[in-house]
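**Student:** Now for the letters of each chain:
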Amino acid sequence: MDLIVDALSVKLGKRIVLHDASAHLRPGRVTAILGPNGAGKSTLVKAAAALVGRAGGCVRLDAQDVATMDPRVRARAIGYLPQDATVHWNIVARDVVALGRLPHLGPHAAPSPADRAAVDRAMHDTETTHLADRPVGELSGGERARVLLARVFAGEPRWLLADEPLASLDPAHQIDLLARLRTYAAGGAGVAIVLHDLVQAQRAADDALLIAEGRVVAFGPVAEVMTADTLARVFGVRVAPLDDVSGLGEGGGTRRLLVPVGRIDLA
Amino acid sequence: MSRPLKLAALLLLVVVLFGLSLGCGKVWVPLGAWFSSDPRWWIILELRLPRAVLGLALGATLGLSGAVLQGYLRNPLADPAVVGVSSVAALGAVAAIIFGIGSGFAIFVAAMLGAGGAVAMLAALTWRSPSAITFILAGTVLASLAGALTAFLISIAPNPYAVAEVIDWIMGALTDRGWDDLALALPPMLVGAVLLLLTGRALDALSLGEAAARSLGIRMGRVRWQVVLGTGLVVGAGVAVTGVIGFVGLVVPHLLRPIFGHRPSDVLLPSALGGAALVLAADSLVRLAPGAGEVRLGVAMALIGAPFFLGVLIRERGRAWI
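Going down the list, the sequences are from chains A and B.
Here our numbering is used: position 212 in the first sequence is 212, and no number is missing along the way.
Here our numbering is used: position 187 in the second sequence is 187, and no number is missing along the way.
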């Protein structure tokens, strides 16, 4: 099931936030959505989850327009992890994860064994099983991020959209979380994440979608899109190559990453 | 202790307090006089039974509406009286009384329109901002504006008897309410309570924020109408019959969350039972005041509730959302 952004324009108030954006996202791959602050990344993800209205164009799952889908059907197909990682009440972790099953429950039906199994699986995959009975207010930032990710996994969506999931995580937890998203994509689902960290994006993503000032600048495989020239143009940063020789890269051998090291004066 | 057992214990407490509320007052009616030709049994049938049933219904709906408002606005300081919903309902009722369209039914409709309008306005004012400060400020503005308009209406009232009636009624009490008051109040309270109970799942989803709730397939528009209509019906009906009785919806969910858990849907039914218990207990106590009169229930609840509110504020001060 492909996620197709077709000539999408979004207005928030009077400001045009996205202008004629198009991209064809494929399942089984991790797509990083990158761009400077205020470029429209979050808006693109929200529009894909039909959370904001649009001024033109559309977002489709294969042939179906996400905006006209039944909300519960759409919720089963598209999981959305918001940037805001707060949980407003001190609910125990397992109940938070179980919220991800809401689109699968009948109007007043209790959770079925299949629902409970999905919650167990999601908590196992995110290594949060041992936190099940702890109130979320008592968890560390990294633990809470995993519980909230488990919430999205529990819904078993075919597309997972995450808005800056790495914010407030330390480097080790960032790497763990991206690895979990890669595993989820490897299972056949589509994953699109808004990222700020260019290095992590190169490490974890298959495709990159670069946005600047509401327009898609480049879209394609990471190695083709994230070049020194493009990064300089979009972000105004100078990059230096870093060879990761650990052998842990996806190719198994050496991998070249571009690391931002300074600013370029665009004038 | 499992949840059904805790609910059963709470229900037992309500039953005991209901019985106590029938028995106690200026005249004690011992159990031996119940169901007999003893004239004191008539006190129960004609005076105390309708009062106790009204107290039960009022407490249950106030507790429930407090729990729903707290869940919907994601704010533990929400309560129909604290945030001005009851004041606007009272303004509607006072307007109906003073402009002389004071048939029982017109007062009801005016109070319900006031309550529903106040919730809708609060939701619109505070929806984009999760901060408790915005929320309390909006509620305070609403309450003071409604208070000022109510005072204005009272001051231009053509008839001094109407003024006395309004001031007496606005303080809030269950005294001398009869079966005819109940017949008017119970239907909207029941309908409103059902609407409010239906919001449980949406409130759970809202604990992740509005965007996440919508991404889980929750129809926000429908939930908003359930909350506005449900609160309007129960608070409007309550205010129309008893005047303003505050703080029940604030106090009860707070006391019950440590027992029943913080998940919003888990607090709804217990808050209804707890609210009934609190109002029945308070209404029994106010009758025991020495002398011929009694303490007004609305005054008594404010005396209990305001210090409690302060305590919650102080305890929650360290949280990020304050």
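Honestly, I wouldn't trust all of these hints.
Said to hold, decoys possible - Which chain A residues face chain B? A few, computed with CB under 7 Å, are given here:
no., residue
1, 66
2, 69
3, 71
As the list claims (entries may be wrong) - What follows is a set of in silico ranges between Cβ atoms, one per label pair, in the way DEER data are often shown:
no., chain 1, residue 1, chain 2, residue 2, range
4, A, 141, B, 137, 51 to 59 Å
5, B, 104, A, 16, 53 to 61 Å
6, B, 30, A, 109, 28 to 36 Å
7, A, 12, B, 306, 50 to 58 Å
8, A, 134, B, 151, 45 to 53 Å
Bear in mind the hints are in silico, worked out from the structure with no lab data behind them.
Please read these numbers as outputs of a predicted model, since none were measured by experiment.
Ideal Cβ placement from N, Cα and C applies to all residues, glycine included.
**Student:** Give a verdict on every hint.
**Tutor:** These are the hints, each one checked on the structure:
Hint on residue 66 of chain A is violated. Least Cβ distance to chain B is approximately 11 Å, over the 7 Å limit. Interface restraint check: residue 69 of chain A against chain B, minimum CB-CB distance 10 Å, threshold 7 Å, status violated. Interface restraint check for residue 71 of chain A: the shortest CB-CB distance to chain B comes to about 4 Å, inside 7 Å, so the restraint holds. Separated by about 30 Å at the C-beta atoms, residue 141 of chain A and residue 137 of chain B break the suggested range of 51 to 59 Å.
At roughly 55 Å, the beta carbons of residue 104 of chain B and residue 16 of chain A sit within the given window of 53 to 61 Å. Between residue 30 of chain B and residue 109 of chain A the C-beta distance comes to about 49 Å, which lies outside the given range of 28 to 36 Å. The hint said 50 to 58 Å for the Cβ distance between residue 12 of chain A and residue 306 of chain B, and at roughly 41 Å that hint is violated. Look at residue 134 of chain A against residue 151 of chain B: about 51 Å separates their beta carbons, and that is inside 45 to 53 Å.
Of the numbered hints stated above, those contradicted by the structure are hints 1, 2, 4, 6, 7, listed in ascending order.
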